[in-house]
Amino acid sequence: MRVSRLRIIFPVGLFLALFLDGSLSNVFAAHLFKYPYSSVLHLVLLWIIFAVFLDDRNDLSIGIWSAFAGLVFDWYYTGILGVYMVALPLVVYLSRQIKPWLDLNFLTMLMVYIINLTIVEAFVYIWYLIGKVMTSNLADFAVYTLGPTIAVNLALFVILYYPVRQLYLKVS
Amino acid sequence: MQKFFSNRKLVIVIIVLIISFGLMSVSVAVRNKKSTPPLLQQFGNDVAGAVDRVIAWPVNGLQGASNSVSDLLNTYQENQKLKKQVDQLAQAKVNAQTATAENKQLRKELKLNNSLTAYTAVTANVLTRTPSSWMNQLVISKGATAGIKKNMPVMSQSGLIGRVVEVNQTNSKVELISSTSSSADKFAIQVTNKAGSTVNGIVTGYDKSTNLIEMGSVTSKTKIKKGDKVVTSGLGGVTPKGLYVGTVAKVKQDDYGLASEVEITPAANLTDLTVVTVAVQ
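As they're listed, the protein sequences go chains A and L. The first sequence begins at 1 in the numbering used here and counts up one residue at a time. The second sequence begins at 173 in the numbering used here and counts up one residue at a time.
Chain A extracted, bound-state conformation:
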């Protein structure tokens, strides 16, 4: 009974995060995409990382759900298939690999989140670069995209960490 509630809350929250990413990007476009900086919201990734580290029983099929969310992201937002669809499950896999080695607390999760943000952004950057979707050099990417993106998402992480943790403690 208690398990099944989280099984519903997780996918609903995942898609809520997915669409909020786009809506908030539009509303705050003037601030988020102020030249030359562009900070990308990653609420989906945040929700996935929370689920991987806060769900102790590992009974959510996070990998499959994140692949599905990535597919919807690719279809609905970018129109270019196979990028987020692979990037998100990749992050889930890597996080699961390092989870047993970590002493879980606020700071270690913050570090893991920074690493995962970097992996996803770098993966997307490299893939789009090879696929000639856009042109940009590595220095510009690191300074103007990756930096602001990490800053904005860390702020969101700090704000959302305790509420989401409470949610997981209460429900599971």
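Fair warning: there could be bad hints in the mix.
[Claimed, not checked] In silico DSSO-like cross-links for lysine-lysine, where the CA-CA straight-line distance does not exceed 27 Å:
(1) K132/A x K322/L
(2) K314/L x K280/L
(3) K265/L x K280/L
(4) K132/A x K398/L
(5) K401/L x K253/L
(6) K256/L x K280/L
(7) K206/L x K358/L
(8) K34/A x K380/L
(9) K280/L x K253/L
(10) K34/A x K99/A
(11) K205/L x K34/A
(12) K132/A x K205/L
(13) K206/L x K314/L
(14) K206/L x K132/A
(15) K424/L x K34/A
(16) K34/A x K398/L
(17) K132/A x K380/L
(18) K322/L x K205/L
(19) K395/L x K366/L
(20) K265/L x K321/L
(21) K181/L x K99/A
(22) K322/L x K413/L
(23) K393/L x K132/A
(24) K206/L x K34/A
(25) K422/L x K397/L
(26) K34/A x K132/A
(27) K413/L x K321/L
[What the hints assert, rightly or not] Here chain A is said to cover these stretches of chain L; the calculated rule only asks that three of the stretch's residues, wherever they fall, bring their Cβ under 8 Å from a Cβ of chain A:
(28) 193-205
(29) 218-226
(30) 412-424
If you're looking for bench data, these hints aren't it; they were derived computationally from the structure. Just so it is clear, CB atoms sit at the ideal spot from N, CA and C, and this is done for glycine as well.
For this one, chain A is given, so just place chain L on it according to the hints.
What follows is chain L alone, placed relative to chain A:
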């Protein structure tokens, strides 16, 4: 390390990466075709759009509310400024109405049915913006059922903002004019100076640091000054004539010193979009 790169896992990783890369290459290759996206993807996007509407509605509502408050604070100054304009506007409106009526009559006499300027406006809400630094795309709430087709121009209330790049049944994607992707095909525009002579050209780029549209390779000797109006020229067939783009900011020599480059201040604000209009021909 053994755990990460055992033989079987390495093979799986490589296969997944190859599949991912293949999917991306295929979707980039077919992106500009008329038949894209395929029906299944359209269906998926329509479902996603329907869900997104529910989530975008309260968020956009909040944005509307905050805009209203800031509007209210500026009301007095704005009212003063607008009062001055209203008197002139009535005159201009009557003039325009007469000209339109005359134009219609003359066109009928010439049996000229489809002119370059004729289009119907389809208004759509902006649902969301792609959360990515590599794409300046919007998803709007009208699609093929409202008559929208690929490559149609999209305007905000004040001017041109981009073109439709993907059409589903009930929503479509718009690529903004500020997009620097190499595959973005460009608008045919013309500058009309005070003397009434025109210079034709195409949008060749967008300068993100100054927020100016660039019109390069202009070899015409016609004098263009700051403040001259820029509209779409209707050449090329897809875009109707006379959509407002902006005003000339400055004219300078290009990097090789052979032709000049006109820099244009766009009329529309590309970062504050809630309602857009698609020009359907």
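Status of the hints after comparison with the structure:
no., hint, verdict
1, K132/A x K322/L, "holds (21 Å)"
2, K314/L x K280/L, "violated (32 Å)"
3, K265/L x K280/L, "holds (23 Å)"
4, K132/A x K398/L, "violated (36 Å)"
5, K401/L x K253/L, "holds (21 Å)"
6, K256/L x K280/L, "violated (37 Å)"
7, K206/L x K358/L, "holds (17 Å)"
8, K34/A x K380/L, "holds (9 Å)"
9, K280/L x K253/L, "violated (40 Å)"
10, K34/A x K99/A, "violated (36 Å)"
11, K205/L x K34/A, "violated (32 Å)"
12, K132/A x K205/L, "holds (17 Å)"
13, K206/L x K314/L, "holds (18 Å)"
14, K206/L x K132/A, "holds (20 Å)"
15, K424/L x K34/A, "holds (26 Å)"
16, K34/A x K398/L, "holds (26 Å)"
17, K132/A x K380/L, "holds (20 Å)"
18, K322/L x K205/L, "holds (9 Å)"
19, K395/L x K366/L, "holds (9 Å)"
20, K265/L x K321/L, "violated (31 Å)"
21, K181/L x K99/A, "holds (19 Å)"
22, K322/L x K413/L, "holds (18 Å)"
23, K393/L x K132/A, "violated (37 Å)"
24, K206/L x K34/A, "violated (34 Å)"
25, K422/L x K397/L, "holds (7 Å)"
26, K34/A x K132/A, "holds (24 Å)"
27, K413/L x K321/L, "holds (17 Å)"
28, 193-205, "holds (count 9)"
29, 218-226, "holds (count 4)"
30, 412-424, "violated (count 0)"
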